[in-house]
Amino acid sequence: MARIPHQLLELNSPFIWHWPWLEQAVTVAKRYGFTGIILHQQELLALLAEPSPFAPRLEAENLRHQRRHALLYLRRVADWLERHHLAFWLQAEAAPPQETLRQKFPEQAPDGASSFWADFYRSTLTPLLAIPSLRGLVLSLTTPAWQPEPWRAALQDVWRALRAAGKQLVLRDFIDASWPRQQLQTVLASLPGEVRASLKATELDYHPGFANHPLIATLPHHKWIEFDLWGIGYGWSVLPCYLADEIRGRLSWAQSVAPGGVEAVTARINWQWLSDSSLIGSVNEVNLSGLQAARLGEPAELLLETWFVEQGISFRTRQQGQQLAELYGASADWLTKTCNLLGRPLHRQSQVPESLAQAEQLLHMDTRSARWALAFQPLLPADDPQLGHEQRSLIQLEKSSSSHLCATAMARLREIPSQSDAFAVVQAAWQSAGRYSQMFSLVTEAVVAALWRERYGA
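In case it helps, my numbering puts the sequence shown at residues 60 to 517.
You can trust all of the hints, since none of them are fake.
Derived SDA-like pairs (lysine to any residue); straight-line CA-CA distance at most 20 Å: (1) Lys89 - His144; (2) Lys89 - His65; (3) Lys89 - Trp366; (4) Lys226 - His281; (5) Lys226 - Pro186; (6) Lys89 - Ile339; (7) Lys89 - Phe74; (8) Lys89 - Leu355.
Since the hints were made in silico from the structure, they are not lab data. Predicted, not measured: the structure shown is a model, and the values here were computed from it.
When you get a sec, could you build the whole thing from the sequences and use the hints?
Listed below in structure tokens is the structure:
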């Protein structure tokens, strides 16, 4: 596999505004071979916009203080990253929510002045363009509630302003409720080909084992491939999920099919809405080593062995090290069998469904992005009871396999004498995995029983 030029660390945490935390993040970036850092806050553009004259005076004064402080801080970040030879990127929601914008623009209404978005971007971009080492903006696309057409036209102004300053525009899919999902393609088609497309590795967030994002093979633009290594859709870095082999396979495929080539790979290690959680220090931090090896085309045979040594995990025998490596290797398969049902998601952001209605919605949401080897047939079809019986047996086998793997893991871990903090993290992760398996086995049993009664009667 050819070497991918850029590897960017995405920091999506409110702690990006805390300097000691950011210094630690730079250390992590250097340790794992990242070439740049993306500071990601959904509401960043709203934060950096100048309040309108109609904003309440006292509130507007505070908002201006907040804006000035943020801009000074970002300049400091830019200088720090340049000193450490790391590229600097910013990521934000392209169209902040209406309720957020009303803080600074109380006069704005859906039928208001059509120049709003052009003025908004001008206010936001002007001070950012003055930061010399800022490489560009990554904008997450959502169609705004007001003036969607002027908003699309204003994106042309954003691109022109960035290009004139020698910076790049990257657009990414974010929230697109349309069917078929086409917002990213539509917006990119209206912009020059030099605008980059940032695509999740799988279409609907990142789900290990699920199908590759189809747009990787069809969009003509230069691609960025996103990996959510924190794990919104697979356990929030609490549960074990070793992804080195999967990452390597996905990047190899992307490079072989992407018309514009793969220019960068990004890795998110935290999530804005759970500020005290991070990939760093978790059981899955090793996936950063896997990403680095895959990007550079380096062999991964000794990756886990090297990781254990670096973390101070010791073994009495070589066999114990091999057993722990096998547990890591099996963890992704365990997770896909636990919170999914025959290759379909049975969870919402790693959580059990809130109701049977939500469970059904999740299971039938979109099999294009599911695990095709298991999800190619309709689930418990009402007109095919025989297939329903076969699938119910497969579901029971899937959940028993998940539970058995957890029990085996805990038994093996008890035989390893290591006393390191890193090994304690591994043990805690598999203990959590056992509880997670039990919880989803009960949920699966209840959902399947309800669907069975609905389709086939008692």
